[in-house]
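Engineer: The residues making up each chain are set out below.
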Amino acid sequence: MKHIKTIVLKEWSEVFKNRLVLFTLIFMPLIFTIMPLAMLYFTGDGMAGNMGAVQSADVPVEFLSACSPEMSAGDCMQIYVMNQFLLIFMMMPVIIPVTIAAYSIVGEKATHSLEPLLATPISTTELLAGKSLAAGLPAILIGWTSFGIFLLGLPILGVSRAVIDYITGPTWLLAILVAGPLMAIASVNFALFVSSRVNAPRVAEQISSVMIVPILGLLFAQLAGIIVINVLTMLSFIGGMALLDVGLIYLGASIFQREKILTRWK
Amino acid sequence: MIETNGLTKIFDVKKSPDITAVQDLTLFIPEGEVFGFLGPNGAGKTTTIRMLTSLIAPTAGTARVNGYQLGVDDTEIRRSIGVLTESPGLYERLSAFRNLSIFAELYDVADVDGQVSKYLHMLGLWSRRDEPAGSFSKGMRQKLAIARALLHEPKVLFLDEPTSGLDPEAARLVRSFIEELRGEGRTIFLCTHNLTEADRLCDRIGIFKSRLIEIDTPENLREKFYGRRVVFHLRQLDPAWADQVSGIAGVKDVQTVDQKLVVGMEDPEALNPQIVRLLVQAGADIEFVGELRHSLEEIYIQTMQESEEEEAAA
Ligand SMILES: Nc1ncnc2c1ncn2[C@@H]1O[C@H](COP(=O)(O)OP(=O)(O)O)[C@@H](O)[C@H]1O
Ligand SMILES: [Mg+2]
Numbered sequence: 001m002k003h004i005k006t007i008v009l010k011e012w013s014e015v016f017k018n019r020l021v022l023f024t025l026i027f028m029p030l031i032f033t034i035m036p037l038a039m040l041y042f043t044g045d046g047m048a049g050n051m052g053a054v055q056s057a058d059v060p061v062e063f064l065s066a067c068s069p070e071m072s073a074g075d076c077m078q079i080y081v082m083n084q085f086l087l088i089f090m091m092m093p094v095i096i097p098v099t100i101a102a103y104s105i106v107g108e109k110a111t112h113s114l115e116p117l118l119a120t121p122i123s124t125t126e127l128l129a130g131k132s133l134a135a136g137l138p139a140i141l142i143g144w145t146s147f148g149i150f151l152l153g154l155p156i157l158g159v160s161r162a163v164i165d166y167i168t169g170p171t172w173l174l175a176i177l178v179a180g181p182l183m184a185i186a187s188v189n190f191a192l193f194v195s196s197r198v199n200a201p202r203v204a205e206q207i208s209s210v211m212i213v214p215i216l217g218l219l220f221a222q223l224a225g226i227i228v229i230n231v232l233t234m235l236s237f238i239g240g241m242a243l244l245d246v247g248l249i250y251l252g253a254s255i256f257q258r259e260k261i262l263t264r265w266k
Numbered sequence: 001m002i003e004t005n006g007l008t009k010i011f012d013v014k015k016s017p018d019i020t021a022v023q024d025l026t027l028f029i030p031e032g033e034v035f036g037f038l039g040p041n042g043a044g045k046t047t048t049i050r051m052l053t054s055l056i057a058p059t060a061g062t063a064r065v066n067g068y069q070l071g072v073d074d075t076e077i078r079r080s081i082g083v084l085t086e087s088p089g090l091y092e093r094l095s096a097f098r099n100l101s102i103f104a105e106l107y108d109v110a111d112v113d114g115q116v117s118k119y120l121h122m123l124g125l126w127s128r129r130d131e132p133a134g135s136f137s138k139g140m141r142q143k144l145a146i147a148r149a150l151l152h153e154p155k156v157l158f159l160d161e162p163t164s165g166l167d168p169e170a171a172r173l174v175r176s177f178i179e180e181l182r183g184e185g186r187t188i189f190l191c192t193h194n195l196t197e198a199d200r201l202c203d204r205i206g207i208f209k210s211r212l213i214e215i216d217t218p219e220n221l222r223e224k225f226y227g228r229r230v231v232f233h234l235r236q237l238d239p240a241w242a243d244q245v246s247g248i249a250g251v252k253d254v255q256t257v258d259q260k261l262v263v264g265m266e267d268p269e270a271l272n273p274q275i276v277r278l279l280v281q282a283g284a285d286i287e288f289v290g291e292l293r294h295s296l297e298e299i300y301i302q303t304m305q306e307s308e309e310e311e312a313a314a
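As given, the protein sequences belong to chains A and B, one line each in that order.
If you read the first sequence in my numbering, its first letter stands for residue 1, the second for the next number, and so on.
If you read the second sequence in my numbering, its first letter stands for residue 1, the second for the next number, and so on.
Errors might be hidden in some of the hints.
[What the hints assert, rightly or not] Chain B stretches covered by chain A per the calculated footprint, using a threshold of three residues with CB under 8 angstroms from any CB of chain A:
#1 50 to 58
#2 165 to 172
[Claimed, not checked] Here are the simulated distance ranges between beta carbons:
#3 A/Leu173 with B/Asp18: 42 to 50 angstroms
#4 B/Glu76 with A/Ala200: 23 to 31 angstroms
#5 A/Leu216 with B/Gly6: 23 to 31 angstroms
#6 B/Ala312 with A/Ala110: 33 to 41 angstroms
#7 B/Met122 with A/Trp144: 41 to 49 angstroms
#8 A/Arg202 with B/Ile19: 27 to 35 angstroms
#9 B/Asp253 with A/Thr124: 52 to 60 angstroms
Honestly, the hints are just simulated from the structure, not real lab data.
None of the values given here were measured: they were computed from a predicted structure.
Every residue, glycine too, gets a C-beta built ideally from N, C-alpha and C.
Required output: the full structure, derived from the provided sequences and hints.
Structural biologist: Encoded structure:
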């Protein structure tokens with residue numbers, strides 16, 4: 001455990017000295033938090049009186065059935081829009097670890113600092129755990145913090161009770177508290193794997209960003225009205241992610257062996 | 001203490017023939033010895049270090065480091081050794097202090113701050129401890145990397161080409177640091193392709209190129225290769241004279257080449273007059289007397305060539 005802590009703190013003190021990484025870690029969450037709040041603020045008024053137009057044009061019929069009957073059409077519309085943003089929220093735990101892992105692994109490859117590290121009594125499991133936590137923890141914490149700020153902003157912007165109840169309801173909580181960390185784990189392991197194969201952090205980042213594809217998939221499926229984000233779809237998504245995690249952790253662990261790092265990582 | 005027996009590493013390279021980086025290496029390095037592992041680029045020195053530090057597994061053979069069996073007590077091996085890897089790999093953005101404290105923690109050093117401050121003082125870096133490692137000179141960075149391998153006071157220290165790529169001044173700094181370490185009773189395994197360095201720092205030298213070609217103390221190697229030789233060019237040579245010359249006290253060996261006598265000895269200035277007198281009395285016409293000198297470098301290159309020829313012949 002002590003070794004893991006040493007690695008995590010070492011990664012952070014190195015990686016956070018990189019401006020590009022810092023930029024991703026500060027501005028992306030800021031934008032992703034402010035955007036939905038601003039959206040709520042601008043869609044909040046005038047919606048309620050405009051039921052008919054909203055119903056027919058902007059919200060897929062399937063989604064309307066997901067809104068409870070006592071909700072106003074305006075609330076229903078807001079929830080629909082917010083569900084798009086939920087997916088954007090879920091991108092944070094995917095993008096942040098990719099950035100950190102890409103710089104932490106590719107950076108160490110470039111400076112050849114992994115070999116002295118591997119020559120210490122640390123086990124490869126500890127080293128892998130340290131690197132993964134260093135990339136995954138900030139993602140989870142930043143994701144949760146942004147969500148917290150977002151929640152605090154809701155009453156201030158005068159968002160209706162029904163919408164707040166929905167956002168603090170099971171679908172969102174599952175997404176933020178369970179799906180987010182699971183995606184961070186997948187993202188970390190995939191980024192570790194990709195980083196072991198390439199020599200530039202930017203390339204590692206670009207390749208690893210395919211990890212946002214599942215979320216984009218959800219986003220477009222919802223926009224196209226193919227699926228509706230609700231507890232059931234979220235639970236299935238979580239199940240799929242958990243499976244993907246198992247596979248990617250296995251992949252990550254299989255490449256993280258002393259001899260392979262020294263002789264196969266190019 | 002390092003002991004190897006038939007240690008071999010063959011790299012299996014896809015789509016090209018396998019590379020035998022280390023072949024059948026058998027060595028015994030007693031505790032406290034500074035051992036020079038001397039060989040050209042690509043000889044397999046780094047591969048040997050990587051095997052002995054249990055970073056990569058040998059294809060064949062066994063080894064013990066500090067009494068621990070390679071492949072069995074790997075964590076114990078790593079705990080009891082220090083390594084300066086081929087590229088020092090410091091964290092250039094982090095301070096000198098952090099660079100050392102991270103490793104002190106990974107080596108489970110009890111008094112992290114105490115050990116780090118001991119070595120920073122030793123390097124004269126205490127006042128610059130908060131400066132990033134990247135801001136130091138190359139020689140200083142190399143010394144910092146060596147200190148990093150010493151924080152847990154290992155009994156065996158591996159140094160992989162500690163002065164390669166350094167300018168002469170930086171190399172001098174690093175060498176005198178290694179000389180300081182000699183006094184502390186550690187076993188040091190020093191890889192180098194620099195002969196003078198091996199000669200100056202090591203108790204014994206192994207000349208190595210995939211295989212161990214020669215192993216001896218620098219004195220014996222020097223004598224063997226470099227020992228002073230005097231050539232007596234004669235008009236004609238009577239083989240009996242060689243026996244007479246070799247009877248003189250102080251003469252180590254006598255060879256006959258064409259009409260020449262090649263005499264090995266330690267002190268030609270003292271013995272030459274006596275040899276000349278003996279030859280003249282025996283009836284030899286001496287045309288010319290000269291010293292045959294080989295530089296250590298030349299001999300080293302010659303050994304390498306011989307080993308290549310042998311390989312080609314085999
Ligand atoms: N991971 C590897 N895969 C294939 N060949 C390797 C690998 N590492 C080293 N070699 C080869 O083994 C030989 C010895 O290399 P090395 O141990 O680095 O030599 P030295 O340190 O003496 O310069 C070289 O021919 C090198 O190309
Ligand atoms: Mg080498």
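Engineer: Confirm or reject each hint.
Structural biologist: Comparing the hints with the structure gives:
Look at the segment 50 to 58 of chain B against chain A: 6 of its residues bring a Cβ nearer than 8 angstroms to a Cβ of that chain, three or more, so the hint holds. Under a criterion of three residues with beta carbons nearer than 8 angstroms to beta carbons of chain A, the stated coverage of the segment 165 to 172 of chain B fails, only 0 such residues being counted. A beta carbon spacing of about 57 angstroms between A/Leu173 and B/Asp18 contradicts the range 42 to 50 angstroms that was offered as a hint. Between B/Glu76 and A/Ala200 the beta carbons are some 38 angstroms apart, a value that contradicts the proposed interval 23 to 31 angstroms.
Take A/Leu216 and B/Gly6: their Cβ atoms lie about 57 angstroms apart, and the range 23 to 31 angstroms is violated. The hint said 33 to 41 angstroms for the Cβ distance between B/Ala312 and A/Ala110, and at roughly 39 angstroms that hint holds. Evaluation of the 41 to 49 angstroms hint for B/Met122 and A/Trp144 yields a pass: the beta carbon distance comes to about 46 angstroms. Taking the beta carbon of each, A/Arg202 and B/Ile19 are about 33 angstroms apart, inside 27 to 35 angstroms as hinted.
At roughly 55 angstroms, the beta carbons of B/Asp253 and A/Thr124 sit within the given window of 52 to 60 angstroms.
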